[in-house]
Every structure is written in structure tokens, then in C-alpha cells.
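Q: So the chains spell out like this:
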Amino acid sequence: MAATTPLEPSLAAPSGLLASRPRLPRWAVPSTIGFSFALSAVVLFLADSLTIPAVVALTVVLYAVAISVWSLRVEGTRYAADRTATTVVTAAFGIALIPLISLLWTVLQNGARVINFTFLNTNMVGVYGEMTEGGIYHAIWGTILITLAATAISVPIGILTAIYLVEYGRGALARGVTFFVDVMTGIPSIVAGLFAFSLFTLLFGPAFRAGIMGATALAVLMTPVVIRSVEEMLRLVPNELREASYALGVSKARTIFKVVLRTAIGGIVTGVMLAIARVIGETAPLLLTVGLAADMNWDLFEGRMATLPVFAYRQYQQGGIGVDRAWGAALTLIAIVMLLNIIARLIAKYYAPKASR
Amino acid sequence: MNLLAARWFEFVATGAGIIILVILAAVAAFLIWEATPALTADISELQKISWFNADSFLAFVAPLIFGTLLASLLALLVAVPLAVSIALFISHYAPRKFAGPLGYVIDLLAAIPSVVYGLWGALWLAPVIDPVFRWLTSFLGFIPLFADYQPPAKNIMTASLVLAVMILPIITAVSREVFLQTPRLHEEAALALGATRWELVRMAVFPFGRSGVISAAMLGLGRALGETMAVLMILSPGTLFSFFLLKPGQHQTIAANIASKFPEASGVSVSVLIATGLALFVITLLVNMAARWIVSRRSDFSGAN
Amino acid sequence: MASGAVAGVLALTLSACGADATETTPAATGGSDNTETAAASGAIAGAGASSQEKAMGGWIATATSALPDLTVTYEAVGSGGGREQFLGGGVQFAGTDAALKPEEKEAAVERCYGGEAVQLPLYISPIAVVYNLPSVDAANLNMSAETIAKIFNGDITKWNDDAIAAENEGVDLPDLDIIPVNRSDESGTTENFTEYLVDVAGDAWPHEASGDWPRSGTQSGNGTSGVIDTVTQTEGAITYADASRAGSLGTAALKVGEEYVPFSAEAAAAVVDASPRAEDASATNIVVELDRATTASGAYPMVLISYSVACSVYETEADANNVKAFLTYVASEAGQAVAAEADVAGSAPISAALRSEVQAAIDSISVAG
Chain S
4 MAATTPLEPS
14 LAAPSGLLAS
24 RPRLPRWAVP
34 STIGFSFALS
44 AVVLFLADSL
54 TIPAVVALTV
64 VLYAVAISVW
74 SLRVEGTRYA
84 ADRTATTVVT
94 AAFGIALIPL
104 ISLLWTVLQN
114 GARVINFTFL
124 NTNMVGVYGE
134 MTEGGIYHAI
144 WGTILITLAA
154 TAISVPIGIL
164 TAIYLVEYGR
174 GALARGVTFF
184 VDVMTGIPSI
194 VAGLFAFSLF
204 TLLFGPAFRA
214 GIMGATALAV
224 LMTPVVIRSV
234 EEMLRLVPNE
244 LREASYALGV
254 SKARTIFKVV
264 LRTAIGGIVT
274 GVMLAIARVI
284 GETAPLLLTV
294 GLAADMNWDL
304 FEGRMATLPV
314 FAYRQYQQGG
324 IGVDRAWGAA
334 LTLIAIVMLL
344 NIIARLIAKY
354 YAPKASR
Chain E
2 MNLLAARWFE
12 FVATGAGIII
22 LVILAAVAAF
32 LIWEATPALT
42 ADISELQKIS
52 WFNADSFLAF
62 VAPLIFGTLL
72 ASLLALLVAV
82 PLAVSIALFI
92 SHYAPRKFAG
102 PLGYVIDLLA
112 AIPSVVYGLW
122 GALWLAPVID
132 PVFRWLTSFL
142 GFIPLFADYQ
152 PPAKNIMTAS
162 LVLAVMILPI
172 ITAVSREVFL
182 QTPRLHEEAA
192 LALGATRWEL
202 VRMAVFPFGR
212 SGVISAAMLG
222 LGRALGETMA
232 VLMILSPGTL
242 FSFFLLKPGQ
252 HQTIAANIAS
262 KFPEASGVSV
272 SVLIATGLAL
282 FVITLLVNMA
292 ARWIVSRRSD
302 FSGAN
Chain P
3 MASGAVAGVL
13 ALTLSACGAD
23 ATETTPAATG
33 GSDNTETAAA
43 SGAIAGAGAS
53 SQEKAMGGWI
63 ATATSALPDL
73 TVTYEAVGSG
83 GGREQFLGGG
93 VQFAGTDAAL
103 KPEEKEAAVE
113 RCYGGEAVQL
123 PLYISPIAVV
133 YNLPSVDAAN
143 LNMSAETIAK
153 IFNGDITKWN
163 DDAIAAENEG
173 VDLPDLDIIP
183 VNRSDESGTT
193 ENFTEYLVDV
203 AGDAWPHEAS
213 GDWPRSGTQS
223 GNGTSGVIDT
233 VTQTEGAITY
243 ADASRAGSLG
253 TAALKVGEEY
263 VPFSAEAAAA
273 VVDASPRAED
283 ASATNIVVEL
293 DRATTASGAY
303 PMVLISYSVA
313 CSVYETEADA
323 NNVKAFLTYV
333 ASEAGQAVAA
343 EADVAGSAPI
353 SAALRSEVQA
363 AIDSISVAG
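Protein chains in written order, with my numbering: chain S, 4 to 360; chain E, 2 to 306; chain P, 3 to 371.
No lab work stands behind these hints: they were computed from the structure.
Any given hint could turn out to be false.
What the hints assert, rightly or not - Straight-line C-alpha distance at most 30 Å; calculated DSBU-like pairs for lysine-lysine:
| # | chain 1 | residue 1 | chain 2 | residue 2 |
| --- | --- | --- | --- | --- |
| 1 | S | K352 | S | K261 |
| 2 | S | K352 | E | K98 |
| 3 | E | K49 | P | K257 |
| 4 | S | K352 | S | K255 |
| 5 | P | K160 | P | K257 |
| 6 | P | K160 | E | K49 |
Just need the whole structure built from these sequences, with the hints factored in.
A: Spelled out as C-alpha cells, the structure:
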């Protein structure tokens, strides 16, 4: 991933040609925060509603108003707008972090209680009632197998389609494909599940259940995400690179392999990872197609399979100790994604063009 | 690689594009095939289904469509500004030391299964948001939107908030990736002209990233429209055309309705549910057409044109 | 601790292929006929009602000790799905909260190679009216069917309403809004609950019996977990749910005749024994027409019966033997006792009289040709 360093607008405005207005001193920001905090604490104390969330919220509002007004008086509209924007962006970021962190924390807290080696390494054969035995070994492998199968189906199709759209696609067919990829992005997961269900039950009988059904449903969901992100990444490869390659007499296919894909590989891997992340937690289609099993099933083409999301949902529905297992399964799922992410980043780093842009 | 191999690769790539069309045609065909019995069935036949309480299939599916759109649009309204802010914060405001790990955490959140969002929404968010809704309904209750809140907070607003949190990571991740790709030259040019950071963002980053943000939002909308488990676990459903956002039992989404009725369904009721799925499919098609139209007016910013 | 250590060692030694959570140790179990079970080997699959899921989990897990060579799976896809899969030949047996409809019985003839569907009431579960009132210290609130109907129909809105107070003298009822919570999915629990209200509450319940809740604009939850979670979170909420899931929440005692009966396994079994059979019942089609308006002393009339459906004729000897052996175990005293454990399913064991009828029906299962 080619992360750019944010460019810092220099604080000290050059004197001379650009007649600059005075800037706020460096201590302006911390002192305004401190002042807002103190004021909101006092106000809320007097209003008899002194709670941490209330203080934080009021502090942010007071700070935003105070710094903007101050800046407007001293620095003028442009810098005032800049300061307001900074405050708003940072505050929005803070607000968004609340649910995200509470979510991660809840999963971590509830999941860590149940996860241990035995939990990760046993299946649910013979577990009933409030038995504390039992684990998610079978569900972990089920999820991995089904997701890998979905990836194996969707990634080649996805990357090739993206290459077609960016490098070859002209005319009605390309426009049609682009449009329908968009449509496909919007396919609700439950509809993808219904599709896989009808397809396989029509071919193999009404009671046919297999991991491949789930993989098909997930692949339908995953393919457009892969196409979209790969396409986006390929389009960001500057035309100058392609033209330089053609100018050297390199064929188009070779240019795609050696120049375009190589330049975009970091983004492509990230895109594929995002696509996997998009589908690995899908519950509804797997509930319809793959069901749940108590034991490990290594055969993708025959029989029900356990997967972490379905396992989590069904354990939650059973209540009691099942809720703990559900959190454990959820945490494991997140850990798997984290692992995939790290691997993806290492790959991306390894293949990234050596020179920065 | 000789010329023949080069042509061969073009054929393969084109073939992949055609496969996409085939898959989509297959999905549509199967949905229509399975939905036909419900669409052609006599209305008295449909009314034998215990939960079919309308005079026609359209009258049955209309409130569900309304609920689906309402929940998704509310979610999008909350999520997009927040997601763009986060993406911007990570790409242009946060110190680089923070940016990497933050981006990583956001990517991670995109992978949390929807069941967990459902659990979190029902067990954590609903009690936390309860005092806020009480306050809203007592002070702003004269606005119909906020009237008649009844605890627990199992209303469309809570469901939309959870949907917003669900689609936040995916919108953020895509937007951030696009913002980071803003041509360095554009940024430097803006700074050289003495632009403040906000002006840099407005003049260089947003124009470049707009189509990316829109497609990110569409990705999020797609997920919100079809989200099943979280809505199923949070919302007290009802099938009304109602703008009472805090009242329980007013709205239901198509996807959650399918998941809730499917287990006990057989015969023609399965067809009815698949027909509602077809309606959902058509909605996503229309939404995407609209989005496509917006994006196409902005497509001249990509590197390869 | 010891078992944990053993499991740990097992897990270590088998780390390449995962470990079963429990070891299967063959042990003699009372109630199952060994000459018959010896023939059971292989696998059978069932699907159907989620109400039976926990009990089925217990039966499948404990059956391995009596039937070590038999693998049984049960998928809780819902009653309708279970019946459909059974009639489509996808599974060997089904679990369903509602007996087969006439057209389904016709379809069963073809599925069962000219035989018929065998329906056995093997899972009897009391439904409790569950409420969240931490301030009320009475063991159970007394409620008549009319009161329950009015609460769920929104006619009684306060906990200290005169109608509730009159039935609970000496109980300090709080001045709190009643929040009725129903199931949002279609379920056998809702169907049995509304049937009870239709049969017993009279005019107080103006709706028809249905698996789908008839009123709109109400709080609801998906599945038993959904309603129980909602009620647990909300003071003043009330719902109806599988009694074993009530946990620490309060449960109502129902008015039967002139007395108030809290739910119990015995009271639930009593109403089944006091009820007549359905019109189309036969020796193999044991369908109970619950007499919910019963005034029999000590009977708890709000009950869900979930049937196990099998074929009277199977294509292969293996299927016939396996289904026979497994259902025999389920119907046995030991099997019923497993499901009755509070932390398994808390169901009501079938009576001895019903067992002998059921056993006769199971014994009639045969092979085609």
C-alpha cells in the first residue's frame, strides 16, 4: 500500500509578496480545548447532569465554535474555514469510533472468555444442553474451505473481467458488463443464497446440501467487489506508464502483466482482501444453503458443513451457554480476517514497485 | 509473448466479462422462474398464507419496499458523511504513524459478521440509545418523526444506526483508498498556491475522489438494502407506510422478512418470498442505474481514459 | 478438571484433525431394546421444527451410548421446511409443530413407498407467559386467559390494572406500562398460544389463531432468543415462550377451572393425557387435539406438541432399522428424561400409556417389497 504522507501546509506564512494576516499562536488549540472543557464541566455541573459523554460532547461543540470565531477574527475566513473543517473531520472521526470500538471491545471481551486451545480444537459432536465442552474446530475449517472455494471461483473471473473492462473493453459489450457489474454489486446476500439454493436443488435434488452451494452464493457476492476494486486500481495506473511500455515495442498483454498489474498489485490484493472480508461473515446465504453440522466435513461437494457465522447465529438462538460460544466464534472469525489482512499486506509490500510514486 | 498469445489473453478476458453477464442472467432467470407461481397465482390462493394480509401481491410488497428503502437511506444518511470524514482523517489529517493502524482497524471491522452487528445492536446499542430516544420523543415529540417512542429501542432508527455502523467500514475503506491516490502533483500545486488544508481537500482531493466515494456509497447501500441478520435481530417488524421512526412494529425490510418467514414457508409462500426477493433485486437495479448515471458524469478523472 | 485435562491431551494428540467434544463410551441404557438396536448402523438425517432442536441435540448425543454405530443429524430448518424435506425424500424423519395437512398426508403415501406417514407426539413442551417485573416478589402472577388476551391485545396497559390486581390479591403491582412482546417470525409457539387464547379467552381475544402474530405495531423478537432478550432488557415487558427459556424472569400461573396452575412438566403432560385424539388419528397417526379449555385439576393447558414424523415403509432395511431404533430411544423413558432435564429442553415426558401406543406405531415401521 502506497500510503502518502499528508502534506503539511506550512504554518509560518512567508512574508513579502503574499501579504499575510496574522495567525493564531501555537497555544491557541490546547488552550481553547482546556477552556471549553472547563466551561462545559461547570455548566453541566450547575445543570446537574455531569456525565462523561455529556462533557465530551459539549466540549467539542464549544471548542468548534470558539476556535472558529477566534480564527475568523484574527486569521480571516479562509483559515477559519480550515479550522472548522479540521474540527468537524476530527469530531466525526471520534463519533464514528465510538460504535466501532464498543463493537470490537464487546466481541473481544465476550469472546476471549471462551476461547482456549480446546475450544478451537474440538467440534460439537455429542454436545447438548448446558455442556461446556464443544468448540468450533469444524466451523473454522468450514469457513476457510468455503471462503477459499468462493475466492478460487471469483478472483480469476474478477481480475480478468476488470482487465477486460480497463484494457480491452470497447463498445456495447463493455458498457453492458460495467453496468451489470454494478447491478451485481447490489445483489442482496439472501438473494444470492436463494439463487445458489435453486440452482443446486434443481440439479441435484431438493435435499442436496454442500459447501459448494455456499461457495457459489458467496462467489456471486464477491465477484463484483473484486471487479470493482481491481478496476479502480487499474484505472489509477497512469496512462504514461502504458504508453512508455508500448513505445518500447512491448505487446499489450505483456504490458498488462509486467507494467499495469505490477503497478496495481498492492491495490488488487487489498481489493481481494476486502472482498473476502465482505463475504466471510455472511450468514443468510449460508444458512439457506450449507446449514450446520456438528462434525468436520472435508468434502465441499457433499453434505452440510459448519461455518463460523451460521454457528454463531444458531448458538445464539439456543441461548444459555450458546451465547458465549457465539461470541467466541465471532472473535475467531475476526482473528482469521486479521491474519488474512496481515498476509495480504506482506504480499502487497513484497510486490509493490520499489520506487515511490 | 507473441501476438497469438496476446490475442488469446484478450479472448480470455472478454470471456470473463461475458461470464458475468451469464451469471447475472442466471440469477435473474432463477428468481423469475421461482417467483412466477406467486405472481400468477389467484389472490385467494395467496390469502391462505397466514402472513399474507393484503389484497394483491403489490399491496403486500409495497410496505416492505418502503421499509427497506427507509432503513437503507437513513443508514446511508448517517454513514456517508461519517465515512468520508474518517477516510479524510486517515488520509489527510492524522499523523502517518496513526494512519496505518487506523486503516487496519477499519478494514478489520468490514469483516465482522452481520450476526455480531445484530447481537451488538440488540444487546449493547438498544439500551445505550434508549435515553436518547426518550429525550427525543419528549422534547421533539411534536414532530411526527420522533413521536411515540416505546422502549425497548427496537425501532427502524436503531436498525438504521446499526446498518450505518455496518456499512461504515466498507465505505471508509474504499474512500480512503481513493483519497490516498490523489495525484501528488495536484496536491502540491494546491499548496504552492497557498491553499489551506481544507482548500487542498476541496480542490484536489474531493474532485478526484468523488466517483470513488459514490461507488463506495453504492457498495454500502447495496449491503444495507440486502442486510438480513442485523435487521432481523433488532427490528420489531410491521408492514405500514409510517414515518414514525421511533415507534415499534411499523416497518420491515424485504430481506429480514424473507429470513423470518422462510423457515416455516412451503409451496406458494416460498414463491411469494422469492418474488419479494425479485422486487429487492429490481430496486437495487434501479438504485445502481441512478448511481451509474451520477458517476458517469464524473468519470473524466481516472488515469486511464 | 480431569475431563478438561483429558480433552486437552486428546486435542494435542489429534491436533491435526480436531477432536470430538465428547468421547463415546458404550454404556447400557435402560429402556432401549438391545436386540433391535444392534442392527442400527449408518446414518439418518432429520429436519424440522426448531422447537425440538435442543431436545434433539440431547437425544442425538445420548443415543450414541445405546446406538454406537448410528449417526443421527437434525437440522432445525423450521416445521414447514422439515415437512417439505421429508416429503421430498431428503430426510428420513421430520419434526413438526403442526400435524401433516391432508394433502401432505397424500404426498406421504408416495414418499413412503405406498405406506403412510407415522406421526408421534414425542416432544411436549409447556409454553410460559413470561414477564420482567423485578419489583414483584410473588413466585407467579395469577392470570386468567381473558387477562392475558387483553394484555396482548393492548386493552390492559398498566401492570396495576384492576383486572390483574383482582387476581393477585396481596401482590404489590407497580404503576408501569405493560409492553407486550410477540414473536416476529412464524412459529408453532405463536400458533399454540393464539389457539389457547381463541379457545379459552372468548371475546377478549378478537383475532384468529395463527402461526403469525395478528396485531401490528407491537414490540417483537425473532425466535425465542429474540423475545426473551427483549423482555430481559425491558422492565414491564411480557411475552410467551418455551418455558425452559424463562430463566430468572417471572412466569404466570394460568387459571384452569377455579385454580391457578404454574407451568410444570407434569401439568403439561396431564393436559395431553386429558385431551382427545384428532378425527383422523389412527394407531400410527397419533395426533392429539389439545383440549385447551380443560378444567382438569392440575393440568397446564398452554402446551406445544411437536411431532416426529416418519414413514411406515422405507426403501432400505438400513433406513427402517435406523429410524426405528432412534425413535424407540427417543420415546423411551431414558430418552424422554434427557429432554426433560431443565438445561436440555425442559420438556414434559410422555406418559406410560402414550409410550406404549407410540412404541406400537414405531414397531410397525417396515421395509418396502
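Q: For each hint, tell me whether it holds in the structure or not.
A: Going through the hints against the structure:
no.: 1; hint: S:K352 to S:K261; in the structure: holds, 17 Å
no.: 2; hint: S:K352 to E:K98; in the structure: holds, 17 Å
no.: 3; hint: E:K49 to P:K257; in the structure: violated, 33 Å
no.: 4; hint: S:K352 to S:K255; in the structure: holds, 26 Å
no.: 5; hint: P:K160 to P:K257; in the structure: holds, 20 Å
no.: 6; hint: P:K160 to E:K49; in the structure: violated, 36 Å
When held up to the earlier numbered hints, the structure conflicts with 3, 6 and fits the remainder.
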